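Start from the sequences and build out the full structure, keeping to the hints where you can.
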Amino acid sequence: MSQPTPLVQPLLLQFQQLFFISKIVGVLPQDLDKFRHKNMLEKSRNGMFYMLGVLSVYVVLYNLLIYSFGEEDRTLKASQSTLTFVIGLFLTYIGLIMMATDQLTALFNQGQLGELYERIRVVDERLYREECLLDNSCIAKRIRIMLIMTFIFEISILVATYINLVDYTQWLSLLWIVSAVPTFINTLDKIWFAVSLYALKERFEAINATLEDLVMEHEKYKTWLSGNDATTATVGNRTTDHPPQSSPPPQYDSNLEYLYKELGGIDVGSLRGSGSKNRNKVAPIAHSMNSFGESIPTPYKPQRMNTNPMINMAHESELSNATKVEEKLNNLCQVHDEICEIGKAMNGLWSYPILSLMAYGFLIFTAQLYFLYCATQFQSIPSLFRSAKNPFITVIVLVYTSGKCIYLIYLSWKTSLASKRTGISLHKCGVVADDNLLYEIVNHLSLKLLNHSVDFSACGFFTLDMETLYGVSGGITSYLIILIQFNLAAQQAKDAIQSFNSFNDTAGFVGAATEMDNESSTLYDMVTTTMMSPTY
Amino acid sequence: MSPNTWVIEMNSHKSRLFTHPQAHPRSQLSNDAFARRAVSNDNPVFEDISTILSVLKASGLLPFYEQLSSYEVGPPSKTNEFYSFFVRGVVHALTIFNIYSLITPNSAQLFFSLRETDNVNQWIELLLCIFTYTLTVFVCARNTKSMLEIMNEILKLDKEVLRQFGVVLSNNCNFSVKFLVVIVCCQAYIMVLRIYAVKGAITPTSYILIAFYAFQNGLTATYIVFASALLRIVCIRFHFVNQLLNAFTYVQQQKLAKKSRRQPPVSNMEHFPEDSLFIYRTHNKLLRIYKSINECCSLIIVCFLGYSFYTVTTNWYNLFVQITNNKGIISAHILQWCLAWLCLHTSLLALLSRSCGATTYEANSTSQILARVYGKSKEFQNIIDKFLTKSIKQEVQFTAYGFFAIDNSTLFKIFSAVTTYLVILIQFKQLEDSKLEEQVQNEV
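Protein sequence lines, in the order shown, are assigned to chains H and Z. Note that full-length UniProt numbering has the first sequence beginning at 1, numbered continuously upward. Note that full-length UniProt numbering has the second sequence beginning at 1, numbered continuously upward.
These are calculated hints, taken from the structure and not from any lab test. Wrong hints could be hidden among the right ones.
From chain Z, some residues computed to sit far from chain H (all C-beta separations above 12 angstroms) [as the list claims (entries may be wrong)]:
(1) 118
(2) 135
(3) 142
(4) 200
(5) 280
(6) 399
A short, non-exhaustive set of chain Z residues, derived as facing chain H with CB atoms under 7 angstroms [as the list claims (entries may be wrong)]:
(7) 249
(8) 250
(9) 274
(10) 367
(11) 371
(12) 372
(13) 381
(14) 385
(15) 388
(16) 408
(17) 409
(18) 412
(19) 427
Here are the simulated BS3-like pairs of lysine-lysine, each with C-alpha atoms no more than 30 angstroms apart in a straight line [claimed, not checked]:
(20) H:220 x H:43
(21) Z:435 x H:324
(22) H:428 x Z:390
(23) Z:378 x H:324
(24) Z:285 x Z:378
(25) H:344 x H:220
(26) Z:376 x H:344
(27) Z:156 x Z:393
(28) Z:378 x Z:258
(29) Z:258 x H:344
(30) Z:435 x H:494
These numbers come from a predicted model, not from an experiment. Ideal Cβ placement from N, Cα and C applies to all residues, glycine included.
Structure representation (structure tokens):
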């Protein structure tokens, strides 16, 4: 079995660009040389130190950013209590937390990630042996598209915010670039996950396609058989001469007989209800003439048979030979199980990053929308969320953030659907072959398939499927409604006080000003307090 | 917490798989650390959770059962039964007394808070606690027999495992003692805080009220820990079954084949029919035990979850209110109080949901592991198919009295509900506060 090994391209070959970028930016610590030469992810001590260094640099720079841009918030902070200050910090630091989670998990999992891709390679080999071919080239394309999308989104957000909303006369404003780092690193990490997940999905689909191919072949074979049968009947009548038909291979005889019997049974059941056994021999011929002879022209079949008889025969024998196909189906089932296990392992590796990403997505989505509302009402918003001042940039940010989350959820959902589809494809095999022995095998294997579960979840707290997406969107909507309603209520209270103050001329404008200041700070308190609480 | 630490003697079992079954289980046992315990006849059953058992026995929640042999327990003797009965009577009497003193102004000095809503909160909390504990006592009194049955079932299963495989399953329930310590510490601390917070001389009624409140809380929590320990015990047995089955999966078979390539191929599949019979039987028994534990505890657990949810929400709220009040005076007393409550209830909730989740996971993974067994002959396939067919519609869950299933996601749901309530409550509070301030300023 060492022969086909080099024939299977390792999946990691497609990841080269992504790996170089992630290595430079500090998403993955694995060894660069080993990857370049052997396409393997191996542990590397230097990479670990490099990554830790990069991480600490990012943390320092990000803190510097918050410090230098937080001056505008200082007036807000002064009026705040300690707790809301802490919560505000949480909201600003969630990006950093997410990035640190990604990088630290990558550090801890650096050995296991390599094993994961090694397991995928073994699966590929087994699939190759089962004549189930995979095309990995579209994965490279996918990675490229994702990388380009990431760059476009990041740069457009960064540049638009920098030009529109940052005071770029100051030298320190260049620090604003750092604000894009956490999301960028997070996206790179998630591209690894998404593409690997996509590869798993492709493998599931390849298994399904193989099974469907078996069905197709068998259907063709059946039509050919019946057509052949019909033509031989006519041949017998007309005494015309077709060399391939005159000498049918002897191994088909038993199958033919079986098919006759089976077709006869159907025919008798559907047409006559009860027919004599003697007529069964005749009935299938008439029936097959009716059902197949009309739709498929008879001269087509001999021609097709002449062009590629070998392929036809080789595939035909697969589903009609139960013992032979059992081996293949068993192997496919085992590969399916192995892929499910790989999926689980992958989910385990990325469970904390996914949890943090979902928390980040939920928080940022709600915060951004709420601050957009605040900005339209000319209220003060935290300086790190200044992109909410411009609706256009907000839309880009929202699309980018939600795109990441939704794509991951969608892909996980699709993958588990694809894994569940295998059972259906397997049953098609059983139905089309209509053989007792094969039915038993199919029943046995489909029971097994039923117990191969691959559900993607974030630390077991919630599964990644469309239901969760629906729940999250519902959560965002209800939080927004609550927040905006309270904002409106506070606004009304403020108006009442203003009217009271204008009525009370002696109070003067100073009082009103302080009043307004207080009001906005309580609003800010409310928002920040709220934002902290839903941790996903 | 890795699953391998739960079952200690797996090695001896694996070695058995290469030898003939039931050939030398005793001789393998002799070099175990557990051999002494297994052979000696009068070791107490459930040694791992004996502390918690004795606490529950003393408080009348569990009967003082007689130990008939090292693998069987019998019903309690007459005097012990009377003792449990007596304790329960005392508890009920105290409860009635407490409710009476809560209604009369005797307990007024305990409700000293500044705001009216806080007092109402404390009242509700107190009543919930009393309700939960009274329910626990009633349910436990009713379920005495089924509890003993569960214990006997578990012990019988252990005995069978020992006979068949020469394996003593360890329970690894050390966490129960730790939790007991945490509960006692938290309750004692809260009691002390309470006593210090009361101004003036404390009447004996208040002392009784405070002490009994702590007692009730502690025992309810202890019962939850006990339920988790039972679940853990079941979980370990499920895990053992799964490990047993895992040796037959195709992955393990391939490994074996690789190892014994030089030697004549030794396949352990020939033991599969007999072992699978044992595995199926054990799995069924475990499921039955699991279900009966669920029936025994679920009402108490529902009540506890409700109580816990309420306590966690109010304490978080109090904590926020304390920290966000702009006067800058953070009362250390209330802070400690809230933190103690939160620590206790959060850890209990986490423990409960984790042990339920782990047991459900282990129970469900049996069929998944079995799906990985590929038998060559029809006979094997039929054996496998039977179990898999049986387990299709068999939903293994630990439900809270049928309301919802308890697992890791329950923890998540509870905390997201708590945060939602907090958001609403805090916003109302801040709105209220700002209006109050305006009024004050306007008056000035």
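Results of checking the hints against the structure:
1. 118: Holds, since 19 angstroms exceeds 12 angstroms.
2. 135: Check passes; 29 angstroms lies beyond 12 angstroms.
3. 142: Its Cβ never comes within 12 angstroms of chain H, the nearest being 34 angstroms, so this holds.
4. 200: It holds; residue 200 of chain Z is separated from chain H by about 32 angstroms at its closest Cβ, greater than 12 angstroms.
5. 280: Residue 280 of chain Z clear of chain H: closest Cβ-Cβ about 15 angstroms, beyond 12 angstroms.
6. 399: holds, 18 angstroms
7. 249: violated, 9 angstroms
8. 250: Since chain H brings a Cβ to about 6 angstroms from residue 250 of chain Z, closer than 7 angstroms, the hint holds.
9. 274: violated, 21 angstroms
10. 367: Holds, because the Cβ-Cβ distance from residue 367 of chain Z to chain H comes to roughly 5 angstroms (cut-off 7 angstroms).
11. 371: holds, 4 angstroms
12. 372: Holds. Min distance 6 angstroms.
13. 381: holds, 5 angstroms
14. 385: It holds, given that the least Cβ distance between residue 385 of chain Z and chain H is near 6 angstroms, below 7 angstroms.
15. 388: At 4 angstroms from the nearest chain H Cβ, residue 388 of chain Z passes the 7 angstroms test, so the hint holds.
16. 408: With Cβ-Cβ at 4 angstroms, under 7 angstroms, it holds.
17. 409: holds, 6 angstroms
18. 412: holds, 4 angstroms
19. 427: holds, 5 angstroms
20. H:220 x H:43: Given pair residue 220 of chain H, residue 43 of chain H is violated - Cα atoms ~51 angstroms apart, limit 30 angstroms.
21. Z:435 x H:324: violated, 82 angstroms
22. H:428 x Z:390: At roughly 24 angstroms apart (the allowed maximum being 30 angstroms), residue 390 of chain Z and residue 428 of chain H satisfy the hint.
23. Z:378 x H:324: holds, 15 angstroms
24. Z:285 x Z:378: This hinted pair holds, its Cα atoms lying about 27 angstroms apart.
25. H:344 x H:220: violated, 38 angstroms
26. Z:376 x H:344: Between residue 376 of chain Z and residue 344 of chain H the Cα gap is close to 27 angstroms, so the pair holds against 30 angstroms.
27. Z:156 x Z:393: Judged against 30 angstroms, a Cα distance of about 27 angstroms means the pair holds.
28. Z:378 x Z:258: Holds, at roughly 25 angstroms.
29. Z:258 x H:344: holds, 26 angstroms
30. Z:435 x H:494: Holds: residue 435 of chain Z and residue 494 of chain H sit about 10 angstroms apart, inside 30 angstroms.
Hints 7, 9, 20, 21 and 25 from the list above are not met by this structure, while the remaining hints are.
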